[in-house]
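Chain by chain, the residues:
2 protein chains.
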Amino acid sequence: MDATAARIERALSEAIDSVAVEGCPPRLAEAVRHAVFPGGARVRPRLCMAVAAACGHGEDPAADAAAAAIELLHCASLVHDDLPCFDDSPLRRGRPSVHSAFGEPLAVLAGDALIVLAFEHLARRLGDSPERLAPLLLTVGGSVGMPLGITAGQAWECEPEVSVAHYHRAKTGALFAAATAAGAQVAGADAAAWRVVGDKIGEAYQVADDLRDVAATVQEVGKPVGRDAELKRPSAAGELGVEGAIERLKGLVKGAVDAIPECPGRARLAEVLMAEARHIMPKGLAQHAA
Amino acid sequence: MDATAARIERALSEAIDSVAVEGCPPRLAEAVRHAVFPGGARVRPRLCMAVAAACGHGEDPAADAAAAAIELLHCASLVHDDLPCFDDSPLRRGRPSVHSAFGEPLAVLAGDALIVLAFEHLARRLGDSPERLAPLLLTVGGSVGMPLGITAGQAWECEPEVSVAHYHRAKTGALFAAATAAGAQVAGADAAAWRVVGDKIGEAYQVADDLRDVAATVQEVGKPVGRDAELKRPSAAGELGVEGAIERLKGLVKGAVDAIPECPGRARLAEVLMAEARHIMPKGLAQHAA
Chain B
0 MDATAARIER ALSEAIDSVA VEGCPPRLAE AVRHAVFPGG ARVRPRLCMA VAAACGHGED
60 PAADAAAAAI ELLHCASLVH DDLPCFDDSP LRRGRPSVHS AFGEPLAVLA GDALIVLAFE
120 HLARRLGDSP ERLAPLLLTV GGSVGMPLGI TAGQAWECEP EVSVAHYHRA KTGALFAAAT
180 AAGAQVAGAD AAAWRVVGDK IGEAYQVADD LRDVAATVQE VGKPVGRDAE LKRPSAAGEL
240 GVEGAIERLK GLVKGAVDAI PECPGRARLA EVLMAEARHI MPKGLAQHAA
Chain A
0 MDATAARIER ALSEAIDSVA VEGCPPRLAE AVRHAVFPGG ARVRPRLCMA VAAACGHGED
60 PAADAAAAAI ELLHCASLVH DDLPCFDDSP LRRGRPSVHS AFGEPLAVLA GDALIVLAFE
120 HLARRLGDSP ERLAPLLLTV GGSVGMPLGI TAGQAWECEP EVSVAHYHRA KTGALFAAAT
180 AAGAQVAGAD AAAWRVVGDK IGEAYQVADD LRDVAATVQE VGKPVGRDAE LKRPSAAGEL
240 GVEGAIERLK GLVKGAVDAI PECPGRARLA EVLMAEARHI MPKGLAQHAA
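Chains as they are written, first to last, in numbering that gives the first Met the number 0: chain B, 0 to 289; chain A, 0 to 289.
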């Protein structure tokens, strides 16, 4: 585990340890830990910390707090997405989903508690630099709330007419855009300019996810595959074909790298983004795309 | 509608209008409005604003923001509580519950979006007095999160061994305690001392709710009655009998009044609390208890 990965796990542990204390219903605490540990690739908090580092705030504890808040919200969204009324997914990261392991009531509550914890954690850790709290909280909140955050993205699935652009941008892109914007805000850099980088990475990640859904195995992704076609969800792989989707993904990563604003760690960040892009590609395709 | 009631409705409308904008999935926006309007008695935000007023901050916009955040979280908890996996309630406030009207997916998402909105609204409205944001956010967040907030309260229903004290205190009391603590924090008063008042009001409200469940009609409360016995939930009316529960309620309200800290509006607040107590008692019993 590299130093950044260790910092992210520690930040998440500290956030949960602060509320999973005496007096908390033990199974709720267990369900919340199950939702967060062991994690996936932690792509969003890594991105947040990489941007803060590129802007010269690599050691700032506010970066850890923002990264943890973003990952807690991501985990919350997965728990609720897996519920029977949405994807009805028995598996997540190769293990039982929260509702499979703890039942539906605790899955709803664990998701709720994780959303609350994300904001509490920011408030607790940013208490001594209050001028950064409101902007960070609005960036992070905007990525999960209405009109353009994850809940809105998911809600497009309940509309008679779906705007595919809105759907993807809100359901997947918003948290990536928040990751780069928040990393910039930690450092006092221009959030709007950095948001563009996150937008493109988010879109690339969505294409990679679509590709994984058609081209990967259950073992590789740890959840059921082939669900997009089954649930008739809009998919880049469905629209562009596998080859076309790979080209699109490469174009988006290049666009993200080109959009990195001038900053002390620009070159290093470009390397990190390229490495992440290789990482999110399904294994068989990564070789093919190289 | 009195002036405070009008302010609360306006604050809630403004919070929702700020996110139910172009680009938001229309049915999600509709579900969120359905969850919040028309409201119930708005007991919690009234309490928050009454405390702020008693402390000399009756006209402070931060009071409106805190009151709205608290009511949004209360509404979120009702939406999720009504879900099929919890109370499976078809009715709320005399109308279809959110999942009955909009389906289960939008009910989960509307609850999530309301939680997020509560924190965003605080950040947006407290942006120009950042030193109050973190304390207010932690007060409000603590009342809904782990270990002692609403989600924890609800989660006690999923434990093999239930601590009745923890259950009621978290499920109902926490948001009342937050209402008085937040009202005090708006005014820079001692939140811990004011929390005691909210604790007692919350306990009184829980007893009144238990009484309504055994003694009121569906028309009167706008949701199914007799659910506590049916779901074998701990209930003051079940433990103490109706007479005993009424005595307990009166004792708690007196305790709350006695606990009001020294402040400019002490006498007026005592009147407000007594009026609220009469208001929450089921109609038949209110006469009986007078």
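There's no promise every hint is true.
Claimed, not checked - Now the stretches of chain A that chain B is said to cover, found in silico as 3 or more residues with beta-carbon under 8 Å:
(1) 9 to 23
(2) 50 to 63
(3) 77 to 84
(4) 150 to 159
(5) 262 to 270
Unchecked claim - Chain B residues, not near chain A, derived (Cβ > 10 Å throughout):
(6) Arg26
(7) Arg123
(8) Asp189
(9) Lys282
If you're looking for bench data, these hints aren't it; they were derived computationally from the structure. For each residue, glycine too, the CB sits at the ideal point set by N, CA and C.
Could you tell me which of the numbered hints above are not met by this structure, giving the numbers in increasing order? Hints 2, 5, 6, 7 not satisfied by this model.
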